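Colleague: Residue strings, one per chain:
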Amino acid sequence: MNKKAYNVLFLIAIALGFAAPTFELVTGLCTELFFDPLPTVWHGIVYYLLPSMMLANYFLLKRPQEGEAPFVRVLSRVFVVLSVTIGLGYSIWFLPISWISVLGIVIYGLGLFGLAPVFLFVLSLTQAKLWRVKYGMEKPKLGMGWNVLFGIVLAFALVWSQLIISVSGQMLKSPKTDSKNFALFLLSRTVPENELRKSCFESYTTYANWFRMNDNRDVLKEAFFYIYGRKPGVPLVERGIRRNRFVWNYDEHMGTGLVGEPVDDLLLKESTVDVSSSFEGGNSYYEWTMVFENKGDAEAEARAVIELPPYGFVSKLSLWRDGEEYPAAFGGRSDVTGAYREVVRQYRDPVLVNQIGRDLVSVECYPVPSHGTMQIRLGITAPLWDRTRVALPRILESDYRVEPGFTHWVWIESDRPLTAVLTNLPASTKIKLRESDDLYSKPGNYFRFDGPAPDVYRFTAGLSALKYEPVQADPSVKPVLVVDGTRDVLSALVKLDWDASKYSSVIVARPFEYKVWDGHGKLSRFFRACSVGAYGGANSMAALSRALDENSTVLWLHGGLPYSLLQTIPFDQNYRRGERPRIVGVAIERGFNAFAANTGMMPYLHEVYPSGDTAADIDEGYRLAVEKPADDTGLTQVWLGGTPDSGAYFEGLPPAGQAYRIWVYSKAMEDWYADGKMAPVNVQACIQSRIVSPAVGAVVLEKQSDYEAANLDPTEGSDSILSIPEPGEILLAAVLALGAAAWMTVTIVRRRERKTGTVR
Amino acid sequence: MNKVPLRRGLPAGTAAWLPLVCAAAVFRVWVSYAGRIGGVLDAVRFFGIPAAAAGWFLFERRGFDREAETGLPAFLAAVTALALYGVSLFTLPNLAQGMIGLAALGFAFAAAYPAPESPKRFAYAAVLPFALPLEPTLRFVTGYPLRKLTGAVTAALLSPLGVKLHGTVLTGPAGTGVCVDAPCSGVTGVTLFLFAGAVVSLVRRETVPGTALVLLESFVCALFYNVFRASWLFMADFMGNRPGFGNAEVTAGVVSFALSLGLFAGLYLLTLRARQRRRA
Chain A
1 MNKKAYNVLF
11 LIAIALGFAA
21 PTFELVTGLC
31 TELFFDPLPT
41 VWHGIVYYLL
51 PSMMLANYFL
61 LKRPQEGEAP
71 FVRVLSRVFV
81 VLSVTIGLGY
91 SIWFLPISWI
101 SVLGIVIYGL
111 GLFGLAPVFL
121 FVLSLTQAKL
131 WRVKYGMEKP
141 KLGMGWNVLF
151 GIVLAFALVW
161 SQLIISVSGQ
171 MLKSPKTDSK
181 NFALFLLSRT
191 VPENELRKSC
201 FESYTTYANW
211 FRMNDNRDVL
221 KEAFFYIYGR
231 KPGVPLVERG
241 IRRNRFVWNY
251 DEHMGTGLVG
261 EPVDDLLLKE
271 STVDVSSSFE
281 GGNSYYEWTM
291 VFENKGDAEA
301 EARAVIELPP
311 YGFVSKLSLW
321 RDGEEYPAAF
331 GGRSDVTGAY
341 REVVRQYRDP
351 VLVNQIGRDL
361 VSVECYPVPS
371 HGTMQIRLGI
381 TAPLWDRTRV
391 ALPRILESDY
401 RVEPGFTHWV
411 WIESDRPLTA
421 VLTNLPASTK
431 IKLRESDDLY
441 SKPGNYFRFD
451 GPAPDVYRFT
461 AGLSALKYEP
471 VQADPSVKPV
481 LVVDGTRDVL
491 SALVKLDWDA
501 SKYSSVIVAR
511 PFEYKVWDGH
521 GKLSRFFRAC
531 SVGAYGGANS
541 MAALSRALDE
551 NSTVLWLHGG
561 LPYSLLQTIP
571 FDQNYRRGER
581 PRIVGVAIER
591 GFNAFAANTG
601 MMPYLHEVYP
611 SGDTAADIDE
621 GYRLAVEKPA
631 DDTGLTQVWL
641 GGTPDSGAYF
651 EGLPPAGQAY
661 RIWVYSKAME
671 DWYADGKMAP
681 VNVQACIQSR
691 IVSPAVGAVV
701 LEKQSDYEAA
711 NLDPTEGSDS
721 ILSIPEPGEI
731 LLAAVLALGA
741 AAWMTVTIVR
751 RRERKTGTVR
Chain B
1001 MNKVPLRRGL
1011 PAGTAAWLPL
1021 VCAAAVFRVW
1031 VSYAGRIGGV
1041 LDAVRFFGIP
1051 AAAAGWFLFE
1061 RRGFDREAET
1071 GLPAFLAAVT
1081 ALALYGVSLF
1091 TLPNLAQGMI
1101 GLAALGFAFA
1111 AAYPAPESPK
1121 RFAYAAVLPF
1131 ALPLEPTLRF
1141 VTGYPLRKLT
1151 GAVTAALLSP
1161 LGVKLHGTVL
1171 TGPAGTGVCV
1181 DAPCSGVTGV
1191 TLFLFAGAVV
1201 SLVRRETVPG
1211 TALVLLESFV
1221 CALFYNVFRA
1231 SWLFMADFMG
1241 NRPGFGNAEV
1251 TAGVVSFALS
1261 LGLFAGLYLL
1271 TLRARQRRRA
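For the record, the sequence lines run as chains A and B. Quick note: the first sequence, position 12, residue 12 per the working numbering, numbers continuous. Numbers in the working numbering are just positions in the second sequence, counted from 1, shifted up by 1000.
It cannot be assumed that every hint is accurate.
Claimed, not checked - Calculated Cβ distances over 12 angstroms to all of chain B for the following chain A residues: (1) Q65; (2) L103; (3) W160; (4) S370.
What the hints assert, rightly or not - Mimicking BS3-like on lysine-lysine, the simulated pairs with C-alpha atoms at most 27 angstroms apart in a straight line are: (5) A/K134 / A/K62; (6) A/K515 / A/K173; (7) A/K295 / A/K269; (8) B/K1164 / A/K432; (9) A/K478 / A/K522; (10) A/K3 / A/K134; (11) A/K522 / A/K502; (12) A/K515 / A/K495; (13) A/K677 / A/K667; (14) A/K430 / B/K1148; (15) A/K430 / A/K442; (16) A/K515 / A/K176; (17) B/K1148 / A/K432; (18) A/K134 / A/K4; (19) B/K1120 / A/K755; (20) A/K129 / A/K62; (21) A/K432 / A/K442; (22) A/K269 / B/K1148; (23) B/K1164 / B/K1148; (24) B/K1164 / A/K430; (25) A/K667 / B/K1164.
It is worth saying that the hints were derived from the structure and are not from the lab. Note that the structure is predicted; figures quoted are calculated from it, not measured. For each residue, glycine too, the CB sits at the ideal point set by N, CA and C.
Full structure from sequences and hints, please.
Modeller: Spelled out as structure tokens, the structure:
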């Protein structure tokens, strides 16, 4: 190659070599259309290293050999070898789009950057030849053969993550547990978290389509959960995921009722919790106001699963529009859900709340406008927890972010002094707190009335007893202990003392299998052995099914479980066949558990409300698992306060206050726990008292016509507790104007009287 | 030692331009809120209140000497408020910025009066922030405390009948109940009463302590309005005449509001005379 041609090639290659990655970092064009050429910082460094080395080598090779220090030759050779290697590696990686670049240049005059690796590779070969000419070496130690080998190895290294993800995705679909476990091992040890996260979402890139990378998304999502113990997150708009130049797909879970993956652009902006707690009445009423903010460029749906205080329920819902609060309509679950979906389809403002499990509700609101906010308020009624404690509602899972250091404004008033258990505040009837989300969401963060609990049967205006758990537990049968074999759960359990004789068997669930304890040695040692190589998540469905075969009650110590892993058929079968399973769940690791978030499971799954003390929670769970039914009906009772004749007390009277609502909810839930159904009369009672239950939901729609179309009435039941809204602002302003006019008239008349001297 | 009077202000004729300068300085308030006007009432409030204040200013200035020196405290207050407004642009939300900006405008109005009259016009700074849509924010911030306060006072008033407060629900001995719910918090009434108090202070040329007293009186009357309304409806329910939605609430609300206005007028005149007697 003559000198002029070399110089031209050098200029083009170096210019492209620096411009192409810079252009990609700024525009993300290749990431959106084809593949991500710079997925990590290391990829970027290697890419920029290539033109940098060749630029340096250009000047090194130009220098005369005479008088040159020996290390220059070595350095130049290193540059040559590395340039050829990297150039070849990138050329191989870019090969599938090189021909598209050629077509683009021919047809549109665009696409030169796609050829940058090829130009750089050619330049590196030219420099290799120049090096040999300069130093007169026909066969250097690291010859072209080695270079090609290195280049191919580098090409593999550059796409290693994608290769492993692709191969592991196929292996995860294999029926063989060993293959799945090996795939999980590969993914956890060799693929960066961010690469695996991105592969969990639908990619619109050409590479993804060519290599059918989207086919494995579901199994990769499961793998991500197993490895990291949580769901993968994605911004509403991320280059290469959910978006390219032609297709925008913001949120695949919108309007589905599932929380889905966290959305980075959506966050909780403000949260105030107002609590009125009555020791005398044995209940608390909460109003939780939340403001969501959307920092993204597209409208978003805020979705969350809220954990209510024990035996609590939603009794109010409202949405702010233009600064005004709009109350919800309560109606049959299918009616309100259908109405919500319909309005969401039209991109208008609704909010929906449904009960999805014991002490669990789902909240969906749409749209949180781009770069705007949306405000909702949940009213929650709950009896006192264990007669004396006031727990707080918490976000269990959400698609919006709660930023580190986020503060909840909590204001609690009560008729007797309350003590905050986790803070050193003096007992008071008025507690004002600014709690960080970490502290607020801690299971042990509750408030306690001091002094002895009042006698249940001496209240004059009391509540009823809530009945639950339609079981025929035989106390002689020892429960089966099922444990989610995740890192966090097992590390919590190995610290505890275990009496293995209390359990008929012990099963530890893993991602694709379970381990049964052989009964030898200490139980804590077994847990420790299981914790070696444990991942962040586990699938306990198979272990629970296995436990049911023992015809005993089950004590399940669990962590989170995504919907995709949920299996309900074996449990339904047991239920239908009359062998009602009884599972007592204890959440050792906080997180959304799809098995618990299922109204169909409520008749046979009882979740112990977490107190923050793992050992105490397990003891409570064990007590419930072996407890003998309290009365002839086979129902176990949980105290909610009140007199035995509370029902008679409330019958026929107009509904009043939270006590009445708890009674209505208790009556309705008796049905549900017994049969998984709710009698029409109880459904109607819940609607009338504005109570969200498994069969009744709440929705705020935009227009009266929306309510009419959905056969809902936002005023229905609102007179169950009479409220006294103010007259409109215009009317009051008119009264004020009239008053002002009257005053002015009197003043003017008096002045005239003073002037004319007629004043008395 | 002789006190040096704070009369280092501008000639009143020149100072008349101060409000205009200040209104221009806080132009962002006009721009940001004009774009948010959502109805006739919003527009009337946003343009009407500053226009009425300007009208009152021009009407009052007719008799003043244009060469008389204006008061320094109001000028300093206006400058301080403007400085705070400047800081608030980077630190506070829009509504707080607007309130500080309009208060600055209010002080600028006061600063344009001759020195002896100027301190009696500080109420401009209390009137003008009502041009902003305060109610939604007040509802969010003070809604619950107001509901608790109304409920507590009403329960105390009706305690001989065995009425108790559970949260914000007034419960009678027979289980009947009236909820002081979010729309019942009385925020609209409180806003209107405070506005009325500010206007009365301006028109009656109240000093700063006088304005504070009038605003306190107006708040007490707003509370009375809400308690009276809640008691009325609770008693109607208690006596077996359970009111439905609509006319009963409106009637109770309007009558309570009118009565509370009367109470406000009476209370104001009573304290005014007491103050006049003390001065005499």
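Colleague: Work down the list of hints and note, for each, if the structure agrees.
Modeller: These are the hints, each one checked on the structure:
1. Q65: holds, 64 angstroms
2. L103: Non-interface label on A/L103 holds, nearest chain B Cβ at 49 angstroms vs cutoff 12 angstroms.
3. W160: A/W160 clear of chain B: closest Cβ-Cβ about 48 angstroms, beyond 12 angstroms.
4. S370: holds, 17 angstroms
5. A/K134 / A/K62: holds, 9 angstroms
6. A/K515 / A/K173: The given pair, whose Cα atoms are some 21 angstroms apart, holds under the 27 angstroms limit.
7. A/K295 / A/K269: holds, 11 angstroms
8. B/K1164 / A/K432: Measuring from Cα to Cα gives roughly 23 angstroms; hence the hint holds.
9. A/K478 / A/K522: Holds, at roughly 18 angstroms.
10. A/K3 / A/K134: holds, 14 angstroms
11. A/K522 / A/K502: holds, 13 angstroms
12. A/K515 / A/K495: It holds: about 20 angstroms lies between the C-alpha atoms, which stays within 27 angstroms.
13. A/K677 / A/K667: holds, 12 angstroms
14. A/K430 / B/K1148: holds, 12 angstroms
15. A/K430 / A/K442: holds, 21 angstroms
16. A/K515 / A/K176: Holds - the C-alpha atoms of A/K176 and A/K515 are around 16 angstroms apart, at most 27 angstroms.
17. B/K1148 / A/K432: holds, 15 angstroms
18. A/K134 / A/K4: holds, 17 angstroms
19. B/K1120 / A/K755: holds, 25 angstroms
20. A/K129 / A/K62: Holds, because 13 angstroms separates the two Cα atoms, which is no more than 27 angstroms.
21. A/K432 / A/K442: holds, 18 angstroms
22. A/K269 / B/K1148: It holds: about 25 angstroms lies between the C-alpha atoms, which stays within 27 angstroms.
23. B/K1164 / B/K1148: holds, 12 angstroms
24. B/K1164 / A/K430: Holds. B/K1164 to A/K430 sits at ~18 angstroms (cutoff 27 angstroms).
25. A/K667 / B/K1164: holds, 25 angstroms
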